[in-house]
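Engineer: Here the sequence shown is numbered in the numbering used here, starting from 1 and rising by one per residue.
Hints in this document: simulated from the structure, not taken from any laboratory. Mixed in with the good hints, there may be bad ones.
[As the list claims (entries may be wrong)] Across the chosen pairs, the derived CB separations fall in these ranges: (1) Val207 with Pro324: 37 to 45 angstroms; (2) Arg297 with Ala22: 43 to 51 angstroms; (3) Ala194 with Thr123: 50 to 58 angstroms; (4) His43 with Leu138: 47 to 55 angstroms; (5) Pro239 with Leu301: 16 to 24 angstroms; (6) Arg338 with Leu301: 18 to 26 angstroms; (7) Arg50 with Leu214: 47 to 55 angstroms.
Since the structure is predicted, the reported quantities are computational estimates derived from the model, not experimental observations. Backbone N, C-alpha and C define an ideal beta-carbon position, used for all residues, glycine too.
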Amino acid sequence: MLNLPRLPYLDSGQRGALALGALLLFVLLVTIVGAVRIYDQLHEAAASQRKLVGAQEQLYAALRAQDDEEIAVHGYVATQKEYFQGTKSSASDEFGSVIQQLEDSTRSLGHPELSAVVRELATLHRQWEDRVADPLSLAPAHKNADQMQETGKILTDRIRADANRLTSQIDGYIDVAQSDLARRINETLGIAVAAILLFGILGIAFVAARHRMLARLERERRIIETLQGAFRTGWDALPRSRVGTAYVSATRDAAVGGDLFDVRKLDEGRGLLIVADISGKGIEAAVNTAFVKYSIRTLALSLDDPGEILGAFNRMFLDTIKDPALFVVVFVGIYDSRTSRLTYASGGHAGSYLRRGNDVTQLGVTGPIVGLERDFTYGTQAVQLQPRDLLVLATDGLTEARDRHGNALEDAGAIRLLRECPAEPQACADQLVQAVRRRGGGRIVDDLALLVIAVDEVQRDSSKRSSEAAA
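Based on the provided sequences and hints, a complete structural model is requested.
Structural biologist: Structure (structure tokens):
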């Protein structure tokens, strides 16, 4: 009912913490994406270096095969032993296999000049075999053997020259790859150190902002609890009755809400009973309970009929409150302890129950919700209470209690719980709260206010007892 603005320092603290949290999340995402990209680049650089080293090893293997084949040819020319022919054939096959692998490797590296040298090596080797190795293997004492060997020397020198040129090129690319890998590693380390520093700074700032926000929340919570304590100053004791109460707020940032209960002694025999649920939640609704509580108390000093009290309060509400979204669900009762009679009016409040023995009766609603239309009227009903009766007044946090499947307790479930409640009013209130918590898995989803009144036996006047005994 009172329009309370949000506290500026609380909003600024929340915005600051949220902004820092969003920035921290953004930096984390950028860091993750950057780390993945850097990992891919490092992996690519390392793979390129491994391919170059592998190509270098394949070149050495090809040169060894060439040397083995040359030695086998010279050995066969000198001795004509068939053993050298087998060695030559194996070396030739080895050279062909290795040179093919080397060509595939250089092609995958994306350096066409390397592949060109490899193909030239393969061509020179075939020329050496066609013009020198194969003819000498067929005719070791050929008349042109010396000329063939000279030709072989020229070709093998060219093969080694190309091999040296290819080695130099591969070494150059390996140096470049190693430099690139080292550079990327240094960049990665630099980025990692910068990210750690940035995360540290942002983390410290976030923790500091969160600490300030929590401190402000705690300060606000203490202020509102103090206000709520002033609004709920307890209740007056009424003759021939005992009272039990419970209040649980669903609001997480403060143990307060928009539900209220009140017991106010009007005179020596009568008491005012109020249970109300103010629309909205949290701090604003909690402060608004003061308007409901003290307005109805004031009206009850001059009006005896609960229906008239609710009608006057409805008009007062609409004259005072300009927000059309605000309304009140309220029960107003007047209990006369001298006659054990309860008169009440209910503005949309269905959570009123009377337990007598094992029977639980739901008290009827006598009028609409307060705060909707000015011309609403409210009826008054009367209930004759008996000793050991239990009157239970609860806001909708009881019937709206939901299980893990989302099923509400509703009136039938509330009545079942009331049948099982202890006769002592405070124990009954406590047991109802525990049942609501259990149903919600330890969580309260709606504010709950409970007012439980037990009717005691009639205490007869001592002078009346004495005259009866004398008679």
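Engineer: Taking the hints in turn, state whether each one holds.
Structural biologist: Here's how the hints hold up against the structure:
1. The beta-carbon spacing between Val207 and Pro324, approximately 43 angstroms, falls within the hinted interval of 37 to 45 angstroms.
2. Hint check: Arg297 to Ala22, Cβ distance near 48 angstroms, so the stated range 43 to 51 angstroms holds.
3. Between Ala194 and Thr123 the Cβ separation comes to about 53 angstroms, which falls inside the hinted range of 50 to 58 angstroms.
4. With their beta carbons about 52 angstroms apart, His43 and Leu138 fall inside the hinted range of 47 to 55 angstroms.
5. The beta-carbon spacing between Pro239 and Leu301, approximately 19 angstroms, falls within the hinted interval of 16 to 24 angstroms.
6. Against the hinted window of 18 to 26 angstroms, the Cβ-Cβ separation of Arg338 and Leu301 comes to about 19 angstroms, which satisfies the hint.
7. Distance hint for Arg50 and Leu214: a CB-CB separation of about 53 angstroms, consistent with the stated range 47 to 55 angstroms.
When the structure is compared with the earlier hints, no violation turns up for any of them.
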